[in-house]
Each structure stands twice: as C-alpha cells, then as structure tokens.
Amino acid sequence: MEKGPPLELVDTHLSEYSYIGGHLPTQADRAVLNAVCVPSDRSNTFPNLRRWAAHMESFTRSEMQAFPPHTESCKMDNQLSDLVNKQLNTDAAASNKSPVNDKAGNHSKGSQNEKAGGQSKGKGKSGKFVLKTAKGTRDYGPMEMAYRREVFSVIYSVFHMHGAVQIETPVFELKDVLTGKYGEDSKLIYDLEDQGGEILSLRYDLTVPFARYVAMNKIDNIKRYHVARVYRRDSPAMTRGRYREFYQCDFDIAGQFDPMIPDAECVQLVDQVLSKLGLGEFTIKINHRKILDGVFGSCGVPSDKFRPICSAVDKLDKSPWEEVRKEMVDEKGLDEEVADKIGNYVKFSGKEELLETLANDELLKSSPSAQAGFADLKLLFQYCKSLGCADHLVFDMGLARGLDYYTGVIYEAVLTAGQNIGEEGPVGSVAGGGRYDGLVGMFDPKKKTVPCVGLSFGIERLFTIYEHKMRAENNKVRATQTEVFVVTACKGMVHERLKLLGLLHQAGIKAEGSYKNNAKILNQLQYAEDNKIPLVVLIGESEVEAGVVKIRDTVTREETTIKREELAETVRQKLACL
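With the working numbering, letter number 441 in the sequence shown gets 441, and the count goes up by one each step, no holes.
These are computed hints drawn from the structure, not numbers from a lab. Treat the hints loosely; a few may be bogus.
Stated by the list, open to error - Cross-link-like lysine to any residue pairs, in silico, SDA-like; alpha carbons within 25 angstroms at most:
no., residue 1, residue 2
1, Lys476, Ile509
2, Lys347, Val394
3, Lys491, Thr561
4, Lys223, Gly438
5, Lys563, Cys577
6, Lys347, Ser303
What the hints assert, rightly or not - Label-pair restraints from in silico Cβ distances:
no., residue 1, residue 2, range
7, Lys378, Leu174, 32 to 42 angstroms
8, Leu174, Lys75, 44 to 54 angstroms
9, Leu363, Asn89, 57 to 67 angstroms
10, Gly141, Asp234, 19 to 29 angstroms
11, Asp176, Thr133, 25 to 35 angstroms
12, Lys378, Gly163, 20 to 30 angstroms
13, Glu323, Ser349, 14 to 24 angstroms
14, Glu331, Lys510, 52 to 62 angstroms
15, Asp82, Lys574, 38 to 48 angstroms
As the structure is a prediction and not an experimental result, all values here were calculated from the model. Quick reminder that beta carbons are idealized off the backbone N, C-alpha and C, glycines included.
Take the sequences, apply the hints, and build the full model.
Spelled out as structure tokens, the structure:
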C-alpha cells in the first residue's frame, strides 16, 4: 500500500460503517490510519474519512495496540480488503524491526509528540493543534444517530406506557451533593475547577440528582424518567462501550407503597424494553442487599466492612472468584476463612426454588436480615408472574451492585444471546438498578425518608448491540426523516419548487428539495433514491400550466398525476399506505 488506499474508497466505506472493520475499531483501523493522508484543508471533501480520523485521534497508543485483530465482519470492497491486508502484513513485518514514528501510535520510545498518544495540550508532532474528540468521548454520524433514535424511541414509549413524567436536572451539582454516595466509585467523579464560587462536580449518574430533587421540592411520591448524559473519570475502553461521557436512561418510583409492587414494575419495564428491541434472549438477575448483609454477617464479616466486601463481590461478573477473594483478603483485610465462607454462597444462581433452599440454610435461617430479603424476593417473583415477566428472572447470589446507596432489591439485565461483538466478547449488563430507601433522607434537613426504587439502561451498550444486529441483518435505517422530495424538471422553476415545499410544510409533511436553481432532474431523482425518500413530487412547465403535479413512488417508480390543490391530502394517503 505504498501510495495508500484511494481516499474516495475509504470515505465511501466509512459512510456505511463506523470503522474499517465494521462497528468496532480493530487493527485494520491502525493499518489504514498509517496508510492514508487525511486532507487537512477545511473543505467538505471526504467527510466520513475526516470523522473517522478525528475519532481515531481519541485513542491512546496503548489503546490502539490493544485493538482486536482484523476480521471482515462487514461488507468490504475487494480493493479495500486487499489494501488493508497488505498494510497489516507490512505493519507486522515492521514491528520486528526498530520502532518507527508512524501515525497510529508506533512511535519511538523517546518520542514526545505522539499523534495518537493523547497530547495534554492537543498538539501533534509539529506542535500544531490536533483537532480531535476528547479522550473517552466520540462523535455520532447521521446513520449512527438514526440507530440511536430507534433505541431511544422504544425506551421512551415504554416509559410513557407506564405513566412516567419527565424531569431534567443540571449537568453539574454541588460537590457535597455527590460526595459519599458512590462508595469506592467516588474517585471517578469529575470535579470542576474552583473559580472562587461554589465547589461543583459533573453528575456521576442520574439517581443522586433525582434524590436531591425529591428532597429539595418536598415530593412525597413521583414516577419519573430522565434521559441525559453523565460523566465518569474512568479509564475509557472505547472498544467495549465504556466512555467518560455517556447517556443514561433512568426510570424511578418514589413514595411509600406496599412492598415489592413498584419493584415488580421496574423488572417488568426492563423485560418490555429488551423484548421490544429484539436483541435476543436475556436474563434479569435479582438479589437483595439484606440477603448479602445477612450472608456477610453470618460468615463473620465485621459490619464496617459490609460495603467494601459488597464492592468486591460486585466484580464477580468481570473477574473470577480467585481474584475477588484475593481483593477481599489482601486489600480489604478480610480473614481467609471468612472469604471462603462467602465464596460458598455467592456461587449460587437459580430460579425461585433456590430462595426456599437458602432460606432454610443452617447459617442463614438465624439471620433476620437474610430472612427479610428472602421474603421480599419470594413476593417479587409472585408479582412478576402476574405481570408476565418472571420467565427471565434468575436469583443470583453473586449480584451485588457496588453503589453504597442500595438498600433492598437489586437487579441487572444481561443478554444471553447476540452480545458477543467480534473479538470483544460479551458487552456486560445492559440495565441495572434497585431499591434505595435512604438516599432522599440524606438530603432532607429533618432526615425525612422517601422510599425509592429505579433502574437505568446502558444506552451505549444497547446501541452497540442494536447497530450490530441491524447491520448483520442488512437492515438499513434512514438517516433522514424526509417523506417527500420536490423535483423540478426544467430550468428557471426554483420558485415553483419553493411554493410546493411551502405548501407541504404548512400541511405538516416532511419535505425538502434541491438547493440549486437549475438542478439536473436525474441528480434530484438519484438523491431521493439514495436517501430512501419514499415519495417524489415532480413538476415541469406543462404541469404548472395545467395546475397539476406528479407523485412518484421512489421504489416502484409508479407516477400519479393529481390536481395541485389535492397534493397534501394525496401525499398523506400514500404515506399511510407505505
């Protein structure tokens, strides 16, 4: 690939896919980044290539080196495929020689000007400013936003189906509002620079701001949803959907109600969203903080270590028991025998029958805390059966949810099919939540408690899986929502085109037309087909004289001639039949 791949070829490919290898970055992206020379002018040439290159700049050298191997998981032009494989072989051969100062992060050890290594001041090798997204963030193009809209639409529809109202809170809060609510994760909070005023931090999640909102406004009960960005000073893993800026979609019920009825509704809501998205089989794991506390207490864990040990157990979905045990003993100072006792319990997972078995366990049947938790989960299973969402429920003793504010039922949804993304493996949980009865009281001057239960969807992970599914099924989503494209067949008809656009817009119909005075008719029709705009309204000089217009179906290319005054109603009828 001595001359590099044709820029048009790469740009066309990236108009369909986020990365060279498909929906996630691979070594193919490093190879192409080394081979191409991205134009530095400010024209609109190769917009998809520019978007991709700017995003690639957000990765550090070590992150690029950790990209999975290239596998052609998407349709790729033969020429581009050959060029990618050739460059990969070239890079592999070069890696056996002395380090070179390439663009994708293979810099010599002493290099101070890494292009992909994350310049602290955003400067590249020449000392000039490098235009890129901040580490742990990314841009979303039109097609990616179209997929996101579909996922958001499903979630919003379910929220509305359950009668939730929407609220909004500031993107930053007083630091004291957030401090002490997240346990060990508090270190991930973004603190804003002190400029002589209030000490502020970016919100870590939407739950703590909601509790502050309930306490501040003296709300006794509310069922609310909130969809917004949150921020975490985490080590980003872009290839696994872990960002520093990302959306959360929260649903919460606050108020004093009968046990487990609101909790069951939250489980039902998770079941409905995942079923509607059609992402494959899934499991909703449930557990109870009182059961965990009962286990810890019965096994001999000091009460002041309950939360730290719970945080360690929370890592069981990512790490084997041996590593979790090592953390308990070496880092948390837990006795080895106590850790081994805990290990005997957290391995249990099963259906409703397991609740009865553990409730009669010799060690746990004398624990009031554990018995209260078992009683709650038995009731939750019964309510979920009535709601028709118990089939996906699994009682998992290894589920802990590490945040400090949980007090009762906890749950987490994991896909059991369709979650393996290429070389990356499972993406992890896609929704989680639980009961937090004491959080509102932490903000109330009189310590008035308002019991709460809620859930949060991991939209980035859902989006990744949904996009992968749609691309695998070759289901293309339209980036534009335009319903009608107005086409003029002759020169000097721009005013007639604008009149029709105005008429359609007044009728509430999504319509657009060319921005050229004398656009070629074939180019206009091709634009409508390329963007999958369902209908074309076509006019020429003869149509204007006769007071008629032609409506053309973009797919079948059938044309119908109607009177001009019938346009809006006819368009509505045709759109309703599509």
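How the hints compare with the structure:
no.	hint	result
1	Lys476 / Ile509	23 angstroms, holds
2	Lys347 / Val394	13 angstroms, holds
3	Lys491 / Thr561	21 angstroms, holds
4	Lys223 / Gly438	17 angstroms, holds
5	Lys563 / Cys577	20 angstroms, holds
6	Lys347 / Ser303	22 angstroms, holds
7	Lys378 / Leu174: 32 to 42 angstroms	41 angstroms, holds
8	Leu174 / Lys75: 44 to 54 angstroms	51 angstroms, holds
9	Leu363 / Asn89: 57 to 67 angstroms	60 angstroms, holds
10	Gly141 / Asp234: 19 to 29 angstroms	24 angstroms, holds
11	Asp176 / Thr133: 25 to 35 angstroms	31 angstroms, holds
12	Lys378 / Gly163: 20 to 30 angstroms	27 angstroms, holds
13	Glu323 / Ser349: 14 to 24 angstroms	19 angstroms, holds
14	Glu331 / Lys510: 52 to 62 angstroms	57 angstroms, holds
15	Asp82 / Lys574: 38 to 48 angstroms	45 angstroms, holds
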